[in-house]
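Chemist: Following the hints, complete the assembly by docking chains B, C, D, E and F onto the known chain A.
Chains as they are written, first to last, in UniProt numbering: chain A, 1 to 313; chain B, 1 to 313; chain C, 1 to 313; chain D, 1 to 313; chain E, 1 to 313; chain F, 1 to 313.
FYI, nobody ran anything at the bench for these hints, they're computed from the structure.
Just to be clear, a hint being listed does not mean it is correct.
Just so you know, same-sequence chains aren't split out, so a pair can sit in one copy or run between any two.
As the list claims (entries may be wrong) - Calculated pairs, DSS-like style, for lysine-lysine (alpha carbon to alpha carbon, straight line, at most 27 Å):
(1) K41 x K67
(2) K67 x K48
(3) K78 x K227
(4) K140 x K252
(5) K171 x K290
(6) K290 x K24
(7) K48 x K20
(8) K227 x K67
(9) K31 x K67
(10) K78 x K136
(11) K150 x K252
(12) K252 x K308
(13) K58 x K140
(14) K290 x K252
(15) K290 x K84
Remember, it's a predicted structure, so these values are computed and weren't measured experimentally.
6 protein chains.
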Amino acid sequence: MSGITTYAVGETIDLHLLIKQMTKGTTNTGKPFLTIILQDKSGDIEAKLWDASDQDEKAYQPETIVKVVGDIHNYRGKNQLKIKQIRPVSPGDGFSIADFLETAPVSIDEMSSKITQYIFEMRNPNIQRITRHLIKKYQKDFLEYPAATKNHHEFVSGLAYHVVSMLDLSKAIAGLYPTLDSDLLYAGVILHDLGKVIELSGPTSTTYTIEGNLIGHISIMVNEIGKAADELGIEREEVMILQHLVLSHHGKAEWGSPKPPLIREAEILHYIDNVDAKMNMLDRVLSRTKPGEYTERVFALDNRSFYKPTFHE
Amino acid sequence: MSGITTYAVGETIDLHLLIKQMTKGTTNTGKPFLTIILQDKSGDIEAKLWDASDQDEKAYQPETIVKVVGDIHNYRGKNQLKIKQIRPVSPGDGFSIADFLETAPVSIDEMSSKITQYIFEMRNPNIQRITRHLIKKYQKDFLEYPAATKNHHEFVSGLAYHVVSMLDLSKAIAGLYPTLDSDLLYAGVILHDLGKVIELSGPTSTTYTIEGNLIGHISIMVNEIGKAADELGIEREEVMILQHLVLSHHGKAEWGSPKPPLIREAEILHYIDNVDAKMNMLDRVLSRTKPGEYTERVFALDNRSFYKPTFHE
Amino acid sequence: MSGITTYAVGETIDLHLLIKQMTKGTTNTGKPFLTIILQDKSGDIEAKLWDASDQDEKAYQPETIVKVVGDIHNYRGKNQLKIKQIRPVSPGDGFSIADFLETAPVSIDEMSSKITQYIFEMRNPNIQRITRHLIKKYQKDFLEYPAATKNHHEFVSGLAYHVVSMLDLSKAIAGLYPTLDSDLLYAGVILHDLGKVIELSGPTSTTYTIEGNLIGHISIMVNEIGKAADELGIEREEVMILQHLVLSHHGKAEWGSPKPPLIREAEILHYIDNVDAKMNMLDRVLSRTKPGEYTERVFALDNRSFYKPTFHE
Amino acid sequence: MSGITTYAVGETIDLHLLIKQMTKGTTNTGKPFLTIILQDKSGDIEAKLWDASDQDEKAYQPETIVKVVGDIHNYRGKNQLKIKQIRPVSPGDGFSIADFLETAPVSIDEMSSKITQYIFEMRNPNIQRITRHLIKKYQKDFLEYPAATKNHHEFVSGLAYHVVSMLDLSKAIAGLYPTLDSDLLYAGVILHDLGKVIELSGPTSTTYTIEGNLIGHISIMVNEIGKAADELGIEREEVMILQHLVLSHHGKAEWGSPKPPLIREAEILHYIDNVDAKMNMLDRVLSRTKPGEYTERVFALDNRSFYKPTFHE
Amino acid sequence: MSGITTYAVGETIDLHLLIKQMTKGTTNTGKPFLTIILQDKSGDIEAKLWDASDQDEKAYQPETIVKVVGDIHNYRGKNQLKIKQIRPVSPGDGFSIADFLETAPVSIDEMSSKITQYIFEMRNPNIQRITRHLIKKYQKDFLEYPAATKNHHEFVSGLAYHVVSMLDLSKAIAGLYPTLDSDLLYAGVILHDLGKVIELSGPTSTTYTIEGNLIGHISIMVNEIGKAADELGIEREEVMILQHLVLSHHGKAEWGSPKPPLIREAEILHYIDNVDAKMNMLDRVLSRTKPGEYTERVFALDNRSFYKPTFHE
Amino acid sequence: MSGITTYAVGETIDLHLLIKQMTKGTTNTGKPFLTIILQDKSGDIEAKLWDASDQDEKAYQPETIVKVVGDIHNYRGKNQLKIKQIRPVSPGDGFSIADFLETAPVSIDEMSSKITQYIFEMRNPNIQRITRHLIKKYQKDFLEYPAATKNHHEFVSGLAYHVVSMLDLSKAIAGLYPTLDSDLLYAGVILHDLGKVIELSGPTSTTYTIEGNLIGHISIMVNEIGKAADELGIEREEVMILQHLVLSHHGKAEWGSPKPPLIREAEILHYIDNVDAKMNMLDRVLSRTKPGEYTERVFALDNRSFYKPTFHE
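Here chain A stands alone, though its shape is the one from the complex:
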């Protein structure tokens, strides 16, 4: 994929880009400048606009599409863009914000029908009804939200993409270990991070909501399962087990789960979540790394730099 993140130091760019963030600063000597994060589908880059006027500040607000000419240079080990020309793109130019956002590599429709199919495969009607009820209630956001503000699946529809990958992985594992209840695995996967549609602010410029900070997606969804069961009139043990699956999916108290996994499927759900999240992080950093070299350090993987062997292809 070509895009802003694929240019090398020293190259000149002439591109349409989306403003993701903008902050105003003042140089040591008192002159105003703007720090602008510009993005396209490939990722983002920081740029500086020196000697910025008040009009500039108004013109270059987040979610504005701009035409930019500039040079890529290196600043403290990361690429930065030195803007030579910049102007907002007029509404009639045929661009839409969605053209500049990184999204899941699978379409929303495809993901939606895949999840529907997995729910259809459930045999336990209580588990099936609660899962279907909740996915329906939050369907629109669920299909658009990222899975996190950073670290992994931090792109449009990242949450649904993470869930779909985990469902496929669950199916494979349940096939190999027949004692696993695939209904519980599927429901656990679909619900485990659904609270993020309340914890996070939305699909773009994603931040934590106040409820996200004070309650968290785990407790939010445990409550939602309780409410769903009440509304559907289900009073069976399945309700408590679904709540437990969500509650325990971070694996340990110190990682945010007030109870550790205490049923078989909860233990395995925690691993399925980990494998998929880590594969996503590894694939992203390794795709930007040449054979025989190391990735940048990955904070959410204990700050490790991974090595890319030379003998692949």
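Modeler: Below, chains B, C, D, E and F alone, put in the same frame as chain A:
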């Protein structure tokens, strides 16, 4: 207070006691015996009934009141009762189980009216209505349950007694630090452990319920607050803040709170809970310790032995 | 499966069993007795033989097959056998030790050909040759050893069974995440615990060897890979990567890996190992647990008791 | 309270301020400048004086009062002052350094008489005499020192203010838990941080002394209690208990207490210290935060940002 | 060395031994017995005296010398003595308690003169005078006390023996690293554990005193150094540095040092203490282990079992 | 020693120096500059060359010797050099790179013969032959490599210097504790870090090799010992013990040793390594510190600042 825990090694007892637990064992040489935990209001003691018959096993089930004669001796550092005579007390003898249970030193009525008064003092109607709704919903159990199966306030009405003590402490602290919102402190205190009426099995022979083990009293009560708000039609920030107070009252993720305290009253609630729980534990072990000596080790206080100074008359 | 572990307290048994361990003791009052661990394919049970003579001590050495009559009773929460009659089985009685050993549920031949097939599927000749060389070198022991002295796969051929399950899981995961190099996964799985044939003493009455204690299976196999490469004249990066896969498969320094995973397949290998080991442990304890009840505490799973839901038919 | 910390970005100030710290720097391009921390009773702000001459360096030493005109701007998320005019204030202008120092909200006299009163209320003469002796010995510094260089009560007379608040809290708690020995609590509160008058350099521009770094206020005061007892001829257990109260008030070895609390009042003293220190930190950051927003991160509170609810009027 | 610890299971002994501890117990069936710990210079062994009378209890108090005949048998992995005959030794029999106590392998006189010599070699008069003052003040106890109640140097004169070994080690290290101030090392070694003469109860049947538990040998000696300096009229930095050496010798807060080492000699003192303590522990357990075997687990060495190679002839 | 690190802020230098590192940067306003690390035998300093041309970039590559005139100034607490004149030195000027590299204070020849002597003193022929074989195999690099990229002994021949110091320390300790096998200590010292000649890139501009990162010097040398034994036909327990010494010398799993020390000499080797590494670090920072002041913080010593007492001469 006199009672079974107040006798010294070598003394002979002749008392009515309640059977708290009974388990059957077999000696090294294959003979059956019963291990019986006997209790009265002062606490409990382990006893052995050797050469126990099948009738004995039937006769000495938990919650049976018995007349016992025996000697106190020391077994591995703890007092044990060697039973010389034992017989069940006939129904007409005028004893009731309640006569043998340790209970809070304040009456249920007194505690109940004190809590009502604190709720009455709340000025924020949303906080007040949710608190009143939940205390009403669980009133009977709340006034009878212990606060835990062991460690602190592990006696009949221990939960309500813990709450009342914490309310008084909250009032004193709010008086000294006027920035504290006493409504939040009172509501936080009343609700923080209320989920224990679902987490625990009941006021006597208390164990954890399955829901207690898999979900826990914190998440149970966070859900209950959400339901109460729905039923009362309250959609204000107060709901989330009350949920946060309950959620965070263990202080840290590794102690079972998926979010740490993030508002002023949540931070202080955690300390109020600690001070009251620790004073209860300290008072119990120190009341059984002579000046110039150490208490037994207290597991929930990092296994410390506390010293009782000699100069407190 | 019927067997010694399937009897309930109070039942009388009349079975052929194998002596797994025997230790002599003395009662408080100075009389000798034997503590005998008896096993069959279902597991093992502790038994006491009171008033044991010197002949008894000689007759009931480990690896002796005996005919036993006795009663199951409960001693400190675990089943124990009270021996009423016991006698060694004469050589001509048609029993062999193997009849009493727990073994993998798949035959050695089947496992062996499955592993051969996975090696055959490898496309990188260096990886393939080293793996084949080492599996050949230790083939006999590899197919008979357990994977551990306790915790998981602690039965005859447990090591090979663990490897075969992990290979199938690797294949499924590599199918879902195409960036993974399946050669590395398969080789990593086959070699990761192969050092256990030197670390452990053998398929039965398994203990740690001195080399196992002082060097450990990880370093043993890292050395073996180096030697194999020397003997095969391979000096490519693949050697180092295979060593790294083995070295890092415990995931963290504090779990015994001097280097954390630093390539994609090493990270995933660690998870595959965990999922298979945990499923084995969970299946074993849950198979002995009734719906609606808890398993015994599992030391290697952070001492948790797992709950078995009631709605799995 | 108005003052330098109450201005917003973009505003112009024209104020008398005190220089708290001054350091000379050189720009990237080799030109000298001064970084000056200016303070008044409301707190402090960083300012830059560009193209500073040698005279400037001499004129703007710490503890100089200056008249400043300048603009507030934002530099990396914190307010900074861009100096437009600055001049030292002549001695005759009627300002004193004390006019610019943040101080406790209660007068020294009031705090002093309150502490005297608490000492007067002690009933145990040994505890009373040692406490009175030490407070007298260090009275002047005790009433002027801060309680720390940062984190909490880091202002003139902060130490005494912290002690007075803790005494009031002790009285309230001792009133609710009658088993507590209020003499020990009061003495523990008064002495617990008194070693800070040796550990710290003084009431302004506070740093750690060498003795503070190498021995620490806890051990310093334990020694002082020993000396005081010697001078007063007291050889009773009270001496050791007072030493223990000071020694253990950080609660755990890893927090700097070589012994954990081992008497009831030591355990509670640790909590009283925590509640008062945390309330001071919380009140300071929350007073600068609008309802519905978060405070800055507070390092000494595990780096948390606290939320200020919207419903407090 | 021959002695009670050198007998093997099955052997019969006929020895004079010292009673170290005695506790009375009751068998399951209610009969009294005595558990007696018997010792000689080689160590100790547990013995049981069944059917003990009241006279027995009086006759076999700690510190009584007895003549015992009995058999060594194994009880739960440790040797135990089954007493066949026992009688107290009459005063005139020519034994003294000291004949049965394990002591340092070097005489008190030799150790005393060695320490005197090291003090004599000090060149800094302040360090020398304080060290000499304190060693003189506690000379008698210092030369007789053990260095601990268990773990290392837990025998008569163990403290002095530990100090002398550390002095020799200090001299060797200071010879190799000339930047080290040997005066500080010697003084640090001599004073570091001197507080144990107050922390511990005495040379035999050693326990912790109340002051030992509540204050600890580190703080006790820091105070003593302060007092010594006062009495000698020394007000130089050396006093604080000596206090720091003692204060920091456990190396980290969590190991009981409220300040970590902050001068060069303090850092090295911590290592010298460790090397000598560990060599003492290792030598003791390895002396009881055959080549090719493992020692018992050593609690104070992270519960490790050490291996004794076979090639040390 | 005079040199670039010995100048004070404000002084002007006119020196020949070696370029250690060079990186190109761009100022905020887009102008290119070079950051150059210059070194001589005393250490290194950072310098800025403003308005750097493309020729400058080519001329001032690492390992170039330059003549520099400039001023020392302070930038964020560290000395920096402001270059006024700089020019490369022509080949004929009689300087060699070695003139500017910090090296061990003892000559390679002296270290080499000392190590030979220690090997000669070994009495166990197996230990001696393996050690001699390996030191011979890597002799050249062993005598030139540093012991680390930073922290301690990070200079030319630092590895051999560290080993020689440790050998002398081992000899002294083995002299005091005669149970120690000096052969094992000497061999352990010589081999413990020898894998660094593969782990690190070389004597100057030292970085980690890929094998260093993925396998590490410990596992590298364990393998080498195995190979050496194979080549020498040694199959005795000594091989395993030497491997264990290397494997365990970091002391704990979390510090990189997959097995903790399990023989006496392994435990002591860990301490000898620590004492020598820490003395090297302490001596370096304290040599740059004035009496009565603190060193810079030392990252590898838990980020402590050490105090230099005033009374050493």
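Chemist: Please go over all the hints and tell whether each is borne out by the structure.
Modeler: Evaluated hints:
In the homo-oligomer, the alpha carbons of K41 and K67 lie at most 27 Å apart inside one protomer (15 Å), although the nearest pairing across protomers, at 50 Å, exceeds that limit. Taking the shortest Cα distances, K67 and K48 sit within 27 Å of each other inside one copy (15 Å), while across copies they are farther apart (35 Å). Proximity of K78 to K227 under the C-alpha cut-off of 27 Å is found in neither arrangement, the shortest distances being 47 Å within a copy and 42 Å between copies. With identical chains, the CA atoms of K140 and K252 are never at most 27 Å apart, being 31 Å at best within one copy and 34 Å at best between copies.
Only between protomers do K171 and K290 lie at most 27 Å apart by alpha-carbon distance; the minimum there is 26 Å, versus 33 Å within a single protomer. Proximity of K290 and K24 under a CA criterion of 27 Å is satisfied inter-copy only: 22 Å between copies versus 36 Å inside one chain copy. Taking identical chains as interchangeable, the C-alpha atoms of K48 and K20 lie at most 27 Å apart only when both belong to the same chain, with a minimum of 14 Å there against 31 Å between chains. Taking the shortest Cα distances, K227 and K67 never come within 27 Å of each other, neither inside one copy (49 Å) nor across copies (51 Å).
In this assembly of identical chains, the alpha carbons of K31 and K67 lie at most 27 Å apart whether taken from the same copy (24 Å) or from different copies (24 Å). With identical chains, the CA atoms of K78 and K136 are never at most 27 Å apart, being 42 Å at best within one copy and 44 Å at best between copies. In this assembly of identical chains, the alpha carbons of K150 and K252 lie at most 27 Å apart whether taken from the same copy (21 Å) or from different copies (23 Å). Taking the closest pair of Cα atoms, K252 and K308 come within 27 Å of each other only across two copies (20 Å); inside a single copy the shortest separation is 31 Å, beyond that limit.
In this assembly of identical chains, K58 and K140 lie within 27 Å of each other by CA distance neither inside one copy nor across copies; the values are 32 Å within and 57 Å between. Taking CA atoms no more than 27 Å apart as the test, K290 paired with K252 passes between copies only; the shortest distance there is 26 Å, against 36 Å inside one copy. Proximity of K290 to K84 under the C-alpha cut-off of 27 Å is found in neither arrangement, the shortest distances being 30 Å within a copy and 40 Å between copies.
Violated hints for the displayed structure, listed by number in ascending order: 3, 4, 8, 10, 13 and 15.
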